[in-house]
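Trainee: Let chain P serve as the given structure and place chain V on it in line with the hints.
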Amino acid sequence: MNSSVRKRTPYRIVSAVIMALLAIFFVFPLYWIFTGSVKTAAAINAPAPQWFPMEPTMTNYNKLFSNPALLWLFNTIFIAVVAMAITCLTSAMAGYVLAKKRFYGRALLFTLIVCAMALPKQVILIPLLREMSALRLHDTLWAVILPTVGWPFGVFLMKQFSEGIPTEMLEAARIDGSGEARTFVSIVLPMVKPGIGALAIFTFITVWNDYFMQLIMLNSNTKLTISLGLAQLQAEMATDFGLIMAGASVAAIPILTVFICFQKYFTQGITMGAVKG
Amino acid sequence: MASKRNNGSGGTSHALMVKETISAYLFLLPFLIFFVGFVLIPMVMCLRTSFFDSTMGRADIFVGLQNYVTMWNDEIFRKALLNTVIIVVVAVPTVTAFSLWVASVIYQMGGRLRSFYRCIFYLPVVTGTVAVTVVWKWMFNYYYGLVNYLGKTVGAIENNVNWLGNEKTALWCIILILFTTSIGQPIVLYVSALGNVDPSLVEAAEVDGATNLQTFWRIKWPQVMPTTLYILVITTINSFQCFALIQLLTSGGPNHSTDTIMYYIYYKAFKLFEYGYGNAMGVFLAVVIALFSAVQFLVAGKNNE
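Protein chains in written order, with this note's numbering: chain P, 1432 to 1708; chain V, 6 to 310.
Chain P extracted, bound-state conformation:
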């Protein structure tokens, strides 16, 4: 035992140091976004980079909010919240049934869900765009929300969580004469609460960052999400780095806050949602 402890120590020190350096490397882009957003144009264009903003300024943010950035933020929140709410409800219902009921077509449906998850989501954007145009939903926020809700990851995740409901409890409720809807609301939902929490946060973050879908579905300046707005600023004013970093801060801060507050649920969602074997 002693020898193995001694052997492990230098490796541990080295890896702790490497880990700390990596942490700096991974946090640095964020640091550069936030500090860049409050730097003056002179500080940004100086030949040697200013590691810390010496004379912080709000100019970049003033310039940013002369664009409809608040509206973009609102659009993004609307899409994420609505998609999250509908996904949680439909997935909880479907996941419970797939985990706990035997019915005709169950195996086929489950196979379809797993196969769909293995296919590239972005490939169906061309037909989706035409479908949304036909439904007259193109360039509305619903064009982003509806396909997101249809993506079967949530059902898979909720099925995993629903497996943990003891069948005896469902049987007991049935014998007590509880209807299907009541059983679902009073027994199933309370038991899969952690799963719903995980799915909610996971959906929120995925939708917030689903840039490709937003890019295809939304065009008008008043319909943009914050990611699209930021990309537009970047395309129009490529070298106004202060302004672009202000936009990046506004895009990143809400989602980072949500992530840090609900990290535990999120981690659980990722772990339970893994399709293994």
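Everything hinted at is true.
Calculated from the model, a selection of chain V residues having no Cβ within reach of chain P, i.e. all distances over 10 Å: (1) 64; (2) 78; (3) 91; (4) 228.
Okay, the calculated bits of chain V under chain P, using three or more residues with CB under 8 Å as the criterion: (5) 44-53; (6) 116-129; (7) 238-252.
Part of the chain P face toward chain V, derived, beta carbon under 10 Å: (8) 1480; (9) 1646; (10) 1665; (11) 1670.
Everything labelled a hint here was simulated from the structure, so no lab data went into it.
Glycine residues also receive a C-beta, built at the ideal position from the N, C-alpha and C atoms.
Mentor: This is chain V only, laid out in the frame that chain P set:
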């Protein structure tokens, strides 16, 4: 799945099953509307349209396999395919190996420190592709970028390098950024999988005098194999679909040196409105990804036996 068949005390009489089926589909209905309407139908449409000459504002014309023939002879497509394969071949093994190493270091740390690191490596994913990309674009900038400044300071480069505007370096910059935004999820999965490795096995091996490396390869590696497999599949799928980085950083340039299949599909379908051709490439991409996933699962299935 089959092990759960002893469910329900009333046996599996046909009448009961029909009743169960009706109530089950009532629960499934809300999801099925969205799933069929916005996932399955578009998938079928994607396949169908790939056999048509299709664009905006006129009826589709059936052309059989013409789109696929065009694809095969399209040099830009072949270049995009090559780039995509390079990205996948470089990114998938490095992401998997690196995240396994990080996870094996941090899963032994205390709860707080472990959460901290897990969070740090997840930050680039959560921050969002666009925000991450714009700051890297600044750092790689020819005149004002940090990378050139640091490179010159430490003497690695003599003159400024146009990182994103040079055919030789652009793709590697993209792979680097893709890497930083790809390892968050694998690390979370590996930390959880390593935490589930039976500690008595590890202790027994250590008592028998196994080195750390032996313990890792003989005991931990086989036990995290299903996780490794899942990570390989999801990282492969994500790398094949690499799009936003390309569109925001280089738009496929210079001279198509950073085109990926996904970017080229976007370019053809949404810039030139060649829907039929775009869908044919989409079908091709989906088939390739499906084959990769199938092969990885088969290989793993054999290893597990």
